[in-house]
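Given only the sequences and the hints, what does the whole structure look like? Please build it.
In the order they appear, the protein sequences are chains U and S. Just so it is clear: in the first sequence, position 42 is 42 by my numbering, and no numbers are missing. Just so it is clear: in the second sequence, position 341 is 341 by my numbering, and no numbers are missing.
Worth double-checking, as some hints may not be accurate.
Sample of chain S residues facing chain U (criterion: CB under 7 Å; computed from the structure) [said to hold, decoys possible]:
#1 G238
#2 T273
#3 N277
Pairs of lysine-lysine, BS3-like flavour, derived with a Cα cap of 30 Å [unchecked claim]:
#4 S/K72 - U/K424
#5 U/K427 - S/K72
#6 S/K122 - S/K303
Simulated from the structure, these hints should not be mistaken for laboratory data. In this text, all values refer to a predicted model and were calculated from it rather than measured experimentally. All residues carry an ideal CB built from backbone N, CA and C; glycine is no exception.
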Amino acid sequence: MAFVTNPLDNHDHGHDHGPAKGWTRWIITTNHKDIGTLYLFFALAMLFVGGSFALTIRSELFQPGLQFVDPEFFNSMTTMHALIMVFGAVMPAFVGFANWMIPMMIGAPDMALPRMNNMSFWVLVFAGILLLSTLFMEGGAPAAGWTLYPPLSIQAAHNIPFVVFSVHLLGVSSIMGSINIIVTILNMRAPGMTLMKMPLFVWTWLITAFLLIFALPVFAAAVTMLLTDAHFGTSFFNAAGGGDPVLYQHLFWFFGHPEVYIIVLPAFGLVSTIVPTFSRKPLFGYTSMVYATGSIAFLSMIVWAHHQFTVGMPLIAELYFIYATCLIAVPTAVKIFNWIATMWQGSITLETPMLFSLGFIFAFTIGGFTGLMLAMAPADFQYHDSYFVVAHFHYTLVVGGTFPVFAAAYYWLPKWTGYMYDEKLAKMHFWLSFMGFNLTFMPQHFLGLAGMPRRIPDYAIQFADFNMMSSIGAFILGFSQLIFVYTIIKCIRGGEPASDEVWEGAQNMGLEWHLPSPPPYHTFETPPDPQLIDRVTTVEVTME
Amino acid sequence: MNTLRQLIAGLILSSLGTVVHADYKLNMPVGVTELSRETYDLHMLVIYICAGIGLIVFGAMFYSIYAFRQSKHPFPNNFHENAKLEILWSIIPFIILIIMVYPATELTIKHYDTKDADMTIKVTGYQWRWRYDYVDEGFGFMSSLTAESNAARQMDSGINPQRVQNYLQDVDYPLVIPVDTKVRFLMTSADVLHAWWVPDFGWKRDAIPGFITDAWAKVDKIGIYRGACAELCGRDHGFMPVVVDVRSKEDYESWLAEKKAVLEEENAKSDRTWSKNELMVKGEDVYLTSCAGCHQPNGEGIKGSFPSIKGSDIATGDLDEHIELVLEGQGMMSGFAESLSPVELAAAITYQRNAFDNDTGDIVQPTTIKDWLDDLGY
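Take a look at the structure:
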């Protein structure tokens with residue numbers, strides 16, 4: 001233990017470094033840990049808002065016939081469910097982890113731009129409120145799907161300005177957050193923390209932040225064109241005025257496809273952090289993981305039109321997008337092989353973070369297979385816009401956007417709070433979520449193949465039984481998240497005290513495990529010992 | 001009772017994880033065209049390859065969880081790199097991809113080959129109906145959800161959908177095409193995006209306002225094939241089914257002759273004077289299939305989205321303005337000049353002006369509408 005240095009040594013400033021007193025702490029804070037907490041609680045709240053929309057959808061689809069909601073409101077629910085989950089729940093959750101963990105992983109005292117950090121969070125909150133406010137307006141919330149395809153989206157001209165401005169604000173928030181993350185990673189690493197020694201979570205976020213900066217302005221531009229089409233008489237997307245509705249689809253997916261990797265790359269990073277800890281073995285193929293992440297990010301920007309195989313593109317474009325899309329399978333496969341090789345000949349225990357990571361690898365691989373099927377354009381002529389697609393992107397995005405988040409939350413909760421969480425409850429959370437998830441989305445593959453289109457509030461009788469199964473699964477999945485909330489609250493309030501290392505052997509896995517649990521308000525005000533960095537990042541780990 | 005039975009069936013099915021119900025379809029239909037069969041084959045090829053890879057990947061994963069658990073394997077082996085292995089498992093997926101992409105390329109080219117078609121059907125999407133134009137024959141008609149399904153799907157209709165035949169999958173006038181004939185479909189739309197999909201034909205294609213997309217089918221089995229609109233097109237997206245009635249060539253010819261005779265007759269009807277009663281009866285029918293989707297069967301619309309017709313300035317005000325609005329459309333409502341016949345238009349406008357306590361007493365004759373259509377250049 002000779003290398004372990006107390007990060008609080010040399011902490012000899014005379015003034016107080018604790019948090020501000022009172023509730024205003026949470027508004028004015030510039031501390032990365034506080035802002036991380038804010039992001040995570042916001043994400044959790046939005047998970048329940050978006051989840052309640054999903055359960056409204058699944059209640060209506062429980063049986064054929066219309067029982068609860070008007071079809072227009074149903075369309076608003078599918079639209080808002082997607083927008084809130086993607087922009088309100090999943091993305092902020094990953095930003096929350098980035099805030100909490102990146103400084104602690106690279107030995108930095110805080111994020112590089114702390115005031116901007118605070119602002120990017122509060123802009124996000126207002127964007128969310130603006131978006132949700134459309135639900136209470138005459139004429140209702142946007143109901144054209146989260147893709148906001150014109151001409152349908154601009155038929156409801158009254159809510160377009162609100163949606164467009166909230167997209168702008170969300171974009172501003174995300175771009176500020178991304179700049180902050182990039183600057184922090186490139187400038188604030190402790191001496192000795194070279195790029196190729198950074199934990200993979202830091203790497204994936206660095207690449208994700210660049211993706212965000214490339215992709216979001218395109219989306220902002222596209223929705224601005226929607227706004228001017230709806231209210232200022234332009235015809236960007238109106239054929240009668242010389243425009244083209246399909247142009248919007250190209251712009252949207254030029255953003256939309258990188259967006260799915262914006263969600264899933266940090267998830268890869270989290271899983272690459274957690275699997276080695278519970279396998280008690282260093283990550284297999286660190287270098288190839290970094291390069292695979294980079295290639296996925298690059299490829300994600302040149303495959304967008306595989307979302308539009310049925311719009312009647314020229315044959316040559318159709319073929320190009322098949323080939324480019326298939327290429328993404330290679331680096332993705334490399335990642336999955338590397339995780340399994342990490343587990344191979346390890347010494348595995350199945351605490352909840354590991355369970356959620358394994359659940360992710362399992363379901364994400366299935367989502368990858370269906371993704372490969374969808375990449376085959378002629379077969380996509382059947383799958384496109386059917387429930388098969390719904391099943392596919394929930395297998396990738398629900399497990400990609402939530403399972404690694406749950407895994408990481410359980411992984412670091414003891415570090416953050418100083419208490420162990422209730423392992424029994426957490427395992428129950430996992431098993432109910434995993435079964436509920438599969439029960440919800442597995443039958444949707446069959447529904448889609450049998451011919452059920454997506455985004456319909458009512459369906460023909462032959463789809464009834466699978467829909468009922470799916471709805472039952474959705475309620476199990478939804479309500480089991482209450483266990484998660486309860487476990488978090490219980491853990492914050494107390495429990496068995498956590499050691500600094502928390503997980504057996506974790507001190508070989510990262511700098512954060514050398515800080516006290518809970519960590520002081522400010523950490524690494526003096527950089528950690530370079531020898532310590534060597535020890536936690538060098539791959540030659542020796543277990544006694 | 002039925003609900004309870006279904007719930008129990010659902011629970012049993014979900015606990016067994018196997019499916020035994022006769023009505024289920026688990027897989028893509030093989031279909032009735034060359035394209036659909038080859039699409040099915042490609043789909044199955046990819047599934048088998050994925051299943052093979054899945055077996056290996058999940059096998060290795062579960063074996064690791066089992067064999068390398070801490071209680072059995074307390075000392076981890078610390079290897080973390082193997083260049084040969086990593087190169088190998090990057091190249092193998094690449095080769096597998098080429099095996100899949102080759103047939104996919106061939107099939108895409110075939111899907112795009114709409115040359116040398118024997119006949120052409122133009123499909124136009126409307127909110128929320130389809131129009132089929134027999135381009136070579138010079139006539140066309142609208143195809144909407146049947147009144148029976150439409151009544152059952154209303155909120156709190158009190159009608160059990162299970163009792164409605166082909167619930168949400170039946171239309172008043174299906175598209176009729178001959179068997180063993182290469183039909184070229186041209187898709188477009190009058191308002192928003194739609195997508196025309198018949199799973200048994202093996203494809204769907206988007207209908208885009210202002211643009212024409214194409215696809216083809218050569219059906220080799222007589223029968224009725226059902227599909228739906230597959231691109232979100234607004235409130236009643238779920239209620240615009242596609243039904244194609246594929247008949248023998250002789251039956252198709254006789255249907256064609258019959259259809260033309262009926263259209264001739266319709267045309268003649270539009271030249272005579274209609275009584276108010278006749279117009280109101282016909283008008284209610286037209287209103288319920290063409291207007292009630294937005295303006296609601298009670299004429300009160302939906303506040304904030306669809307204006308009320310009951311007591312509205314248009315329906316109780318100047319008659320000419322009312323006619324022009326219905327013919328030309330306004331805002332998100334597209335005009336009906338091309339999608340309804342003069343008789344239907346006259347009846348619907350008469351109905352709107354006299355039903356829902358509007359009681360203007362105005363009567364619109366089909367001949368008036370014809371004059372309007374001529375003036376507007378239709």
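Status of the hints after comparison with the structure:
no., hint, in the structure
1, G238, "3 Å, holds"
2, T273, "37 Å, violated"
3, N277, "33 Å, violated"
4, S/K72 - U/K424, "23 Å, holds"
5, U/K427 - S/K72, "22 Å, holds"
6, S/K122 - S/K303, "35 Å, violated"
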